[in-house]
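J.: For reference, the chains in residue letters:
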Amino acid sequence: MAVEIRPETFSLVLFDVEEIRALTEQLVAQIGLPRDASVTVEVDETTPLGYAHVTSLSPVMLSLESGALEDPKRPRQMDPVGSADVLGRLLFEVRDRLDPAFGEAPASGDLTLPEASAWQAYCVGRLGRLGHHVQRQRRLYHFRNRHAFSDAADAAFDRLWNGDGLTWADIVAESNGALAAQPA
Amino acid sequence: MADSKKPRAPFAPWDRREIPGIFSVEESARRVGHYKWIEMRLFEVLGGWVATVPELDVKLRLGTHCYHHAWHAELWHKRLPELREMNPERLTAPPNDELVAFVEAMTEPEAADLTIEKIVGAYRVLIPAKIAAYTYHLNNTSTITDAPTIRSLSFILQDEMSDWRDGEMMLQSLIETEDELQRAIDHQAKLQRLLLAAGGIAGPGTIGDSYANDQEAHA
Amino acid sequence: MRKSFPVEDLARDARFVRVPIMERITDPRNAFQEQAGSSSRRAAGRLTPERPDAPDAARALMHGIFVGEIQALEGAGRTCWDFEVGAGDEEGVPEVPFELKLDMARQCWDEARHCEISIKLSDHMGTELGEFSENTFLYEAACNPDPVLRLTGVNRALEGLAIDVFNTMREFGELAGDPILEFCEDWMLADEVTHVKMGSDWLRRLTVNDKDRQKRALEFQRVVDKLFSLGGFRGEEEDSPVRLARRFRELAGFKEAEMDTLAEVAREARSEMEAQVARNKIAVTG
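Residue numbers (this note's numbering), protein chains in the order written: chain Z, 1 to 184; chain W, 1001 to 1219; chain L, 2001 to 2286.
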């Protein structure tokens, strides 16, 4: 397994390339990506915003804005806990996409906001069960915003959060079900 | 109610209020002026302490209680002209220098690690003393002629009792070690001595005299 | 306890980390951001549910509101303590009317309640207390030694900003279908309208015979309003994340002309921020 971090040194933020590499390697092993997978983490340090996407599967390429790894309490410094949340979520997405049984999901940029939040709930729920600090209520809030503040949405979220072995079709079904149950 | 014209007793059988009370108008005004003065000192310091206290729950309770005591001060401020004191500021005064010394000592703690001392001063010393003074006043004033004061005292005592309970519980949750317990005891003792010298929030006689006979007790 | 309590001594538990606003402004990454609203680079923009980052942006803003409420509570509390009751300035110690202090004590209760509401909302939104950094520019406006300037800074500028922010959050809650957020913000908004009215009333009463002081207070408010416009974060441009809540400001007693001036101040703040960013860009990229 090869993990590459770009850029090789940071000049605008105070991130440590080796710390990001070690964290990524740990997550790749825990999440169970193929042994021969090579992973590139590309950080755009020119923006403090926090978008993070899977931009390629072969090789695996994760593209992040620096805010995605930044400590919200310490400007320009990396937050290891928050970084594990973001990188772990993306690597679970990669694992799902590489699994033929999961099915064909749209490219990151083509996901609807409800689909994205549903998939994130599924990814972060599994990450939490690996022992990482995750924010369940935050993810529930995301999910509610994208579906509805309703009992049906909360139940769908629970199934995604606690789910394992779900397919893309399962995720879409939960998302659509929550949307359909939206209060008038 | 067979006959609405039939005369009824103006005081219902269950209404046992009576005219006698131990406070004259002047004495009542004097006490109310002292009450207003001490309520002001308390709401001011609770407001001031908010910024100095790191414990979030305590910070928020102090903010809430600050208003309770300001409202009490406002009630007393409005009562003074009704007691023939047309210049409320004249009677808004401490009963003696000893009470001023007590307030200075109570309001002294500022550092962020002195929350125990702050809470002890307000909630273990001053508020119990206020409850005592107000209860004495409530139980001894004329239930008919001084009804407005009684109404205010009743509202205020509800606040005081509930604030005292809040403060005592905050304190019990803050004190975790022998050292902290000793700090609370020492500070309380220091303040109680000063309050003893003052004779209470309205000076000597704040809660009457338990050793005098009935006639003299409230002189 | 001292009269006047310095901002650096504000007491917090270990969860809270303070970051000076200058550290944000001088962040070298800002040099690479195009002006807000430019199409060449994605900017944060107005807070609407359509924004992909909307839930997290709302969480961050809510945390900012929470720490702002703590500081507003502290500021009102200090006004209860810092000034003596009287009709003038006795031996250099500024004096204020008794009723003004009562209003500040009432505001303490309101702000304490707003903190409680904000904490419950943070739970609802999945935010941990202290999850985001705190900056203390709100309390700094509450440190002026002249009570009239302090009231103007806090009750007209700070609480005015609160009206704008609460209205933004209330609208966001409404659009997102979040009944809890909408409900809470609506209640807090009602209190803030009261606080601004309070500040306007006291400014008028305390300066009725002192036009110079009134002028100084209004100049101070302009300075604070510009600071609180946060480089255009609050303003009337289409992409301003927080917009002037003109209807609620009117309820609070702001005149149309005052709101026009505020919009102009916000535009100035934005221009100055953009100029600062341009200077940073030259410094960083050459």
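Wrong hints could be hidden among the right ones.
Said to hold, decoys possible - Far from chain W, by Cβ distances over 12 Å, these chain L residues were calculated:
1. M2104
2. F2137
3. Q2214
4. L2227
5. S2271
Claimed, not checked - Partial list, derived from the structure: chain L residues whose beta carbon lies under 10 Å from chain Z:
6. P2006
7. F2016
8. N2030
9. A2031
10. R2059
11. L2061
12. E2134
Stated by the list, open to error - Cross-link-like lysine-lysine pairs, in silico, DSSO-like; alpha carbons within 30 Å at most:
13. L:K2197 / Z:K73
14. L:K2120 / W:K1190
15. L:K2003 / W:K1078
I should point out that these hints are in silico values taken from the structure, not numbers from a laboratory. Backbone N, C-alpha and C define an ideal beta-carbon position, used for all residues, glycine too.
J.: Among the hints numbered above, which are violated by the structure, and what are their numbers in rising order?
T.: 1, 6, 11, 13 and 14
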